[in-house]
Amino acid sequence: MRTEPKARLKTSAMIASFADPGQKTAPAPFGHALVKAARENERIAGLTADLGKYTDMHIFAQAYPERFFQMGMAEQLLFGAAAGMAQAGLVPFASTYAVFAARRAYDFLCLDIAEPNLNVNIVGGLPGLATGYGPSHQATEDMAIFRGMPNLTIVDPCDPVDIEQAVPQLAASGGPTYLRLLRGNVPTVLDEYDYTFELGKAKVLRGGNDVVFVSSGLMTMRALAAAKELAAHNVDPAVVHTPTIKPFDAATVLAEVDTDRLVITLENHTVVGGLFETVASAAVRAGISRRILPIGLPDEFLHAGALPTLHERYGLTVERIKQTVLAEL
Amino acid sequence: MRHHALDMGEVQGQGYVGQALGAADMFAAVYADQLRFRAEDPDWEGRDRFLLSTGHYAIGHYAALAEAGIVPVSELATYGSDDSRLPMSGMSTYTPGMEISGGSLGHGLTIAVGTALGLRHRGSAARVFNFLSDGELDEGSTWEAAMGAHHHRLGHLTAMVDINALQADGKTDTVLRTEPVADKWAACGWFVQRVDGNDVPALLAAFDAAAAQAAPEGVPSVILCDTRVGKGVPLLEEREKAHFMRIEENEWQICREQLAAGYQGEGK
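Protein sequence lines correspond, in order, to chains A and B. Position one of the first sequence corresponds to residue 1 (full-length UniProt numbering), numbered consecutively onward. Position one of the second sequence corresponds to residue 1 (full-length UniProt numbering), numbered consecutively onward.
Treat the hints with care, as some may be off.
As the list claims (entries may be wrong) - Pairwise CB distance ranges (calculated):
#1 LEU176/B / GLY174/A: 35 to 41 Å
#2 TRP44/B / ARG103/A: 53 to 59 Å
#3 ARG103/A / ASP43/B: 32 to 38 Å
#4 ALA286/A / ARG177/B: 56 to 62 Å
#5 ARG103/A / LEU176/B: 22 to 28 Å
#6 GLY46/B / THR25/A: 30 to 36 Å
#7 PHE301/A / ASP43/B: 43 to 49 Å
#8 ASP191/A / ARG36/B: 51 to 57 Å
#9 ASP50/A / ALA125/B: 27 to 33 Å
#10 ARG313/A / TRP44/B: 41 to 47 Å
#11 GLU66/A / ARG177/B: 39 to 45 Å
Said to hold, decoys possible - Stretch by stretch, here's where chain A covers chain B in the computed footprint (C-beta under 8 Å, at least three residues):
#12 1–15
#13 22–33
#14 88–99
#15 249–262
Stated by the list, open to error - Which residues of chain A face chain B? A few of them, derived with a C-beta cut under 8 Å, are:
#16 LEU9
#17 ALA63
#18 PRO65
#19 PHE68
#20 LEU77
#21 GLY84
#22 MET85
#23 ASP107
#24 PHE108
#25 LEU111
#26 GLU115
#27 GLY207
Hint data in this document are derived by calculation from the structure and do not stem from the laboratory. For each residue, glycine too, the CB sits at the ideal point set by N, CA and C.
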């Protein structure tokens, strides 16, 4: 009797890549960017809470061991100590997973870093849906948690181009920042566009006649791919990339929103309290009465599983974006 | 300093006078004997850092800052009032000489670890002192920091713990038993001393012993200070202990007289 060969199961992994096969990638862009910034700014220090290897901080630790501080699996200490270092004149970048920064250490970030407006740069790995480990590791609401914190700048980069250019700007900005880290081999896409990262600015990556995608983070990569593929359906979307979520560049985004095109926000985050609501509230404040359709994670605890499966299930894939657009038009 | 605390307390009609009186000797000892600072330049880079973790002890800290010449004595009358630089819970953004914003308890020692790491990294010879209360020993973050300070060999860090055995909901041993406190710090690798926190010579000796072994790559020190809430004013020492002590309008003058009688009696 012959047994059928077992189908290869898709499995979850802590660090799952969201790169498509054959896509151009850059290794550990944050780690390398921090090393480069540290070469020019001797006050930059790196800290982590037992997640150096998983937040690309190990690249910095290898390059500058005397400027790297391992704080152990102790996130309250990580951010309290980062505050103390900033007060002593250093410019700390402190990394952990986004869930732990946002959920475990909030009080320390809020009172020790944001209230005194210190130049501490929080680096959160696995933002949104970037791992198949389930709610313990999926920071689906990190921006919602952080948007309410005064003084805090929030950056949701798309790719290595964003990350490389953002890191020195985060170090140079006087106050606290939160970077939604994409780590490991990160797909590079923005090099194909006439684009530079400017802290606090949104950029129109491509114009379009029918649809306006307003996106941040890795969803900008997906929005750009969907826009290209929608041409086959005679749909021509514009893409506005808003890597800085707070302070929000309402002027640039609203200029695109306030037309008769279909407006869709795309974010790797719950539809509660993130990019969608940022855009919507900016529009309402400006008196712009337009329907805005959110593509983002549902307001629920997400499943564990393989990342591609989950991205498909929760509507973040290029294919699902296309379906959403075509159903709307 | 105790008179300052009573004066500030009277402005508000209540407040953390009991803690300020209890910890006055700790503040006095560290400011008069240990800290290097420049009163006219509170942000002087070479200063030793004194981090008040227990924000509601600000009333005691303000008394020390006034005696140190960092805050004018006349300004103490604004304590806790609108637009004052002296809020009820100490904040670095409000008050010169206040290094951190305390109040959310269990933060101070974590910040102190970073301050000590940062100063050492930058080649500073400054020492770091963290004032915390025994209530803050309930907070897990205090122990994260205790382990971190030992791991990073922060010999220039000294913690001073006010053990008044009292917290918001009652006596410490009924809220969350923290004893044996000395053993806990020792287990975290600290150089531990326990003294009567209202015995100034004993405090000074403990600070000297801590300073003697303070080194940039050494063992951090903790001085556990057993204090008496309301110390120096018998009326308050004997009152039922409360985190937030209510004092009647007519009692403030009695407190002052009792306080003065105490130290004048000592002088005879």
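Self-check item: Range hint compliance [Cβ, ARG313/A to TRP44/B, 41 to 47 Å]
Solution: violated (59 Å)
Quiz prompt | Stated coverage of the stretch 88–99 of chain B by chain A [criterion: 3+ residues, CB within 8 Å] | solution = holds (count 4)
Self-check item: Consistency of beta-carbon spacing, ASP43/B to PHE301/A, with hint 43 to 49 Å
Solution: holds (47 Å)
Practice problem: Determine whether the Cβ-Cβ distance between ALA286/A and ARG177/B falls within the hinted range of 56 to 62 Å. | Solution: Given a distance of about 57 Å, which is inside 56 to 62 Å, the answer is holds.
Quiz item: Taking the closest Cβ pair, is GLU115/A under 8 Å from chain B?
Solution: holds (6 Å)
Exercise. Determine whether the Cβ-Cβ distance between LEU176/B and GLY174/A falls within the hinted range of 35 to 41 Å.
Key: holds (40 Å)
Exercise. Check the following: the C-beta atoms of GLY46/B and THR25/A are separated by a distance inside 30 to 36 Å.
Key: Because 48 Å falls outside the window, the suggested range is violated.
Quiz item: Is the shortest C-beta separation between PRO65/A and chain B less than 8 Å?
Solution: violated (12 Å)
Quiz item: Does the CB of MET85/A sit less than 8 Å away from some CB of chain B?
Solution: With Cβ-Cβ at 4 Å, under 8 Å, it holds.
Quiz prompt | Interface hint status, PHE68/A versus chain B (Cβ within 8 Å) | solution = With Cβ-Cβ at 11 Å, over 8 Å, it is violated.
Practice problem: Verify the interface restraint on ASP107/A: the C-beta must sit less than 8 Å from at least one C-beta of chain B. | Solution: holds (5 Å)
Quiz item: Cβ-Cβ distance between ASP50/A and ALA125/B: within 27 to 33 Å?
Solution: holds (31 Å)
Of the numbered hints given earlier, the model fails hints 2, 6, 10, 12, 13, 15, 16, 17, 18, 19, 27; all others are met.
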